[in-house]
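Participant: Sequence:
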Amino acid sequence: MKKFASLVLLFLIAFLLFPPIIFAQPPVCRFHGEVWIDGNLASDGTIVTAWVDMVEVATVTVDDSYYMMNIEIRNYSDYGKIYIVFTVGPNNIEITETHEWQAGANIRFDLHVQEEVSNPDKPNGLSSGETGQTLVFETGGASCNLGHNVEYNFYWGDETYSAWSTSTSSFHKWMIPGTYAVKVHARCENNPKLISDWSEELLVNISEPITPTEPDTPTEQPTPTKESDSDNHTLLIVAIIGVAGTVFAAIITGLFMVFTRRKIH
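Residues in the sequence shown are numbered from 0 upward in steps of one, following numbering that gives the first Met the number 0.
These aren't lab readings, by the way, just hints derived from the structure by calculation. Remember, it's a predicted structure, so these values are computed and weren't measured experimentally. Wrong hints could be hidden among the right ones.
[As the list claims (entries may be wrong)] Calculated lysine-lysine pairs in the DSSO-like style (CA-CA distance at most 30 Å, straight line):
(1) K182 x K192
(2) K172 x K192
(3) K80 x K121
(4) K80 x K192
(5) K172 x K182
(6) K172 x K121
[What the hints assert, rightly or not] Simulated restraints on C-beta separations:
(7) S164 x N69: 39 to 49 Å
(8) E115 x D43: 18 to 28 Å
(9) K192 x N69: 33 to 43 Å
(10) I106 x V54: 15 to 25 Å
(11) E200 x E71: 35 to 45 Å
(12) N105 x E137: 46 to 56 Å
(13) E96 x N74: 18 to 28 Å
(14) Y160 x E213: 36 to 46 Å
(15) S168 x Q101: 35 to 45 Å
(16) M53 x L125: 37 to 47 Å
Each residue gets a CB set at the ideal place from its N, CA and C atoms; glycine is no exception.
Based on the provided sequences and hints, a complete structural model is requested.
Facilitator: In structure tokens form, the structure reads like this:
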């Protein structure tokens, strides 16, 4: 009986002198709360991960838009204050706010994720062309932090746009000479209202097509007309008739004069 009383007394003395040692808190902190993505409660199965100094310390999945995880950190007294970084989804979207880890605490901490689409690359293509010429341009580099597909839309600098498409290339032709600023932005295919900022511009100079100069055409000289043999014969006959007529007229005139003289005498 005296031994039991002595043990109880020793226990009470130890409890009064070293309560943290006898009833030490476990090195576990429980975090729990709702998960929101772009203003909507997260679907079941969404991954939530906790990190300390870029080292993964716990992973759970959302159930009924709620998460709950126990984060155990051994030798926590060696670290001083410890802050937990949370990420959501397979792409590990980091939550802006962090929370301090506290041994034995039960902490309500709701997680909010804002979907974002990064800006596309500067369009790549010819920086000059001619009116009526079709030019092709390419881009890329845009992404959604939730892993959704993205669509691209080109602005041609002439108050016209390409159609939204998951293709990273598009084409256009200008009908008026000038310098046009071509740029592109992207949006989430699942959430079309979420649009990125514009990319860097590509200046495209459009000019009138150059018409080649044709050489002077030499003036054609008229081809001399070659007279046919029948034409020559006709001219010859006419000449002969003319000469014969003249001779005949001279003979008649001479005979007339002779006859007239004889009659007078």
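Participant: Taking the Cβ atom of I106 and the Cβ atom of V54, is their distance within the range 15 to 25 Å?
Facilitator: 20 Å, holds
Participant: Is 46 to 56 Å respected by the C-beta to C-beta distance linking N105 and E137?
Facilitator: Given range 46 to 56 Å: holds, Cβ gap about 53 Å.
Participant: Could you see if the CB distance from S168 to Q101 stays within 35 to 45 Å?
Facilitator: Given about 53 Å between the Cβ atoms, the range is violated.
Participant: Starting from K172, check that the Cα of K192 is at most 30 Å away, please.
Facilitator: 28 Å, holds
Participant: That 36 to 46 Å hint for Y160 and E213 (C-beta), does it hold up?
Facilitator: With a Cβ separation near 41 Å, Y160 and E213 satisfy 36 to 46 Å, so the hint holds.
Participant: State, for the Cβ atoms of K192 and N69, whether the hinted interval 33 to 43 Å holds or is violated.
Facilitator: Taking Cβ atoms as reference, K192 and N69 lie about 38 Å apart, which means the hint holds.
Participant: Is 18 to 28 Å right for how far apart the beta carbons of E115 and D43 are?
Facilitator: 23 Å, holds
Participant: With a cut-off of 30 Å on the C-alpha distance, tell me whether K80 and K192 pass.
Facilitator: 41 Å, violated
Participant: Is 35 to 45 Å right for how far apart the beta carbons of E200 and E71 are?
Facilitator: 53 Å, violated
Participant: Holds or violated: 39 to 49 Å for the Cβ distance of S164 and N69?
Facilitator: 46 Å, holds
Participant: Please verify whether K172 and K182 have alpha carbons no more than 30 Å apart.
Facilitator: Roughly 15 Å separates the two Cα atoms, so the pair holds.
Participant: Given a hint of 18 to 28 Å, does the C-beta separation of E96 and N74 actually sit inside it?
Facilitator: 26 Å, holds
This entry does not satisfy hints 3, 4, 11, 15, going by the numbered hints stated previously.
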